[in-house]
Amino acid sequence: MTLGNEPPARPRPEDGPPPTNRAMMIAAGVLLVIPIIALMAVPTYARTEPELFGFPFFFWYQFLWVFLCSAMTYGAYRLTLAARKNKGGKR
Amino acid sequence: MSASVLPMAADTGINGVALAVLIVLFAIVTVAGFMASRFKRGDGLESLDEWGLGGRKFGTWITWFLLGGDLYTAYTFVAVPAAMFATGAVAGFFAVPYTIVLYPIIFIFMARLWSVSHRHGYVTPADFVRGRYDARSLSLAVAVTGFVATMPYIALQLVGIQAVLEVAGLGGGDNIIAKDLPLFIAFALLAAFTYSSGLRAPAVIAFVKDILIYLVIIVAVIYLPGQVGGWDNIFGAAQDKMEANNAAAIEAGGKPTSSFIPGVGAGWAYATLALGSALALFMYPHSITASLSSNSRNTIRRNAAILPAYSFVLGLLALLGWVAIAAGTTPIGLDGKANAQLVIPQLFEDMFPAWFAGVAWAAIAIGALVPAAIMSIAAANTFSRNIYKEWLNKDATPAQEAKVSKLMSLVVKAFALVFVLTLDKQNAINFQLLGGIWILQTFPSIVFSLFTRWFHRWGLLAGWAVGITYGTVEAYQVINPATGKHFGGSLALIPGIEQMGYIAMTAFVLNLVVTIVVTAVLNAAKVSNGRDETIPFDYFADADDPRVIKDLSEHRAHTAPYGDPDDIPGNAGAR
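Note that the protein sequences, when read in sequence, are chains A and B. FYI, our numbering numbers position 25 of the first sequence as 25, with every residue one higher than the one before it. FYI, our numbering numbers position 94 of the second sequence as 94, with every residue one higher than the one before it.
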């Protein structure tokens, strides 16, 4: 999966992408892919036990992912800002 | 169980108090919609940037309310619990993983689309495709797909309002005028304030809508379970109903269609429905319009982290469909037939004081206005930019574009109204299913093109055509087991895997294969891939970035269909 930090397809060096910390962008990409993989693996959570407050596992587990995904997306956001922080202020 | 003493049959009389609350709240948002034209006002509404994108200056919180109001539509609030009530988790609860994985996906590409649109004054995704490949045919394909897929979606918002009105006891008259008058009035008001205020109207109304929705659902989820014997009892009742449904279906010689949680083999259906819907949602013009109206490339990324709050509420709402099972809600329409779509309005009428039922109904009805307004604006923008200006009047000025868009927004809504009033509701639902299949086929042209120009424009066009054809044929062949009609659902066997899966995803994979093969051939044969008017920097530009002046002369030299970007307000102005 690309995150937009590849070298430009058409060489226009003076207009290229801003300098980017590649490792941070990869880390952000990993954070974004984790929830997708976790929720696509339906057989890993399509069961009723263990229950939580009367909720079968299937349901509370997916509710939990709302928060996990939100946190991971925010983490990815901070990482992409940090990876290009040399470029102007944060707006 | 206290529920047993409640009235079981639908109350076909008019609920005066609830209806009064509904009307008052509706009147308030209508006034707000008209006054919205002054909200964050720019230089008048005489361009698409002002009318159709609110001047591209909505900050994080306005965007949060606007996108929340836009994506989580009234129809969603009616249909998701209805699906849970009728056939269970595979058909209903997939909306939760769908609206979770949605956000990492848009995080990846939406900032780039924002930046390039900002630099070049693009209003629709078809504008971008046009600029990226200089391919009018591919741009037209993207535009027409978006336009056609949006129309039934608008019609479904009317179905949402209708569900509320029906439970409220309105629309029961025998003559067609009395029957549909309330819906007609609601839509006339919607059309009027959208025409006068543009995207600012739904932005303001979204505040009211979202606050009402949060309020209603949180109250319902805290209060109702205690009334029907707790969550244990709710899940127990749902499991019993789904098992009874399946036993009855097998006895009748059919296949089990209901599910408490996805069983063995249903995982594919659940996962492909979630992923396919998530990939498709931000290809719809209305999602992109709301995203492009934000004031910086990072607004949308911050929103990807905070929008899941709505997904949480949607999950709770889905479970209200099962609360209704435990409560013994019997949704019966004014025609005396059972109609699962009425389950949520009916649940609120049965279980709450009349005034609170009115608030809940208002939340759904107002919830229809926000997406219907944005969808009609987005469809109208698509028409005026990519059909009117591109094919009919190349020299249209920004003012003419805005004028065509405003008129088109009326036409689109009138069409939706006619659609719902004259055709069976089921048609709107079928077309919306089909629309989801179609719109996903524009994903490669839009999203892949944001990252690379390796894909060939004719490869993308060929993949699109194959995906649409396959998806339409497959969907046609799905027979509704109850009515025996075509377009009966969105699941079909996935070739090679032999499990049920979302047709849109199978078509999408086929689309990708064709796109890649045709691209490889055309690239090897060195067929021109058109002229790219964007430069790499465009994909990273932010609101406060300086413009690259030398590009502008290039734009003028280009037989520019969109004219000089300097003339387009909001196009990376010199700040």
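Since the hints were derived computationally from the structure, they do not count as laboratory data. A hint or two may mislead.
Taking lysine to any residue and the SDA-like style, the derived pairs with C-alpha atoms no more than 25 angstroms apart in a straight line are [said to hold, decoys possible]: (1) A:Lys85 / B:Phe451; (2) B:Lys241 / A:Gly54; (3) B:Lys255 / A:Tyr45; (4) B:Lys241 / A:Leu81; (5) B:Lys485 / B:Ala462; (6) B:Lys255 / A:Phe58; (7) B:Lys241 / A:Thr48; (8) B:Lys57 / A:Leu81; (9) B:Lys255 / B:Ile494.
With the Cβ distance kept under 8 angstroms, some of the chain B side facing chain A (calculated, not the full set) [as the list claims (entries may be wrong)]: (10) Val101; (11) Trp231; (12) Ala304; (13) Phe487; (14) Leu510; (15) Pro536.
Partial list, computed: chain B residues near chain A (C-beta under 8 angstroms) [stated by the list, open to error]: (16) Leu19; (17) Pro97; (18) Phe184; (19) Phe235; (20) Gly267; (21) Arg301; (22) Arg302; (23) Pro308; (24) Phe540.
Nothing here was measured: the structure is a model prediction, and the numbers come from that model. C-beta atoms are modelled at their ideal positions from N, C-alpha and C, and glycine is treated no differently.
Tell me, in ascending order, the numbers of any earlier hints that this structure violates. 4, 5, 13, 14, 16 and 18
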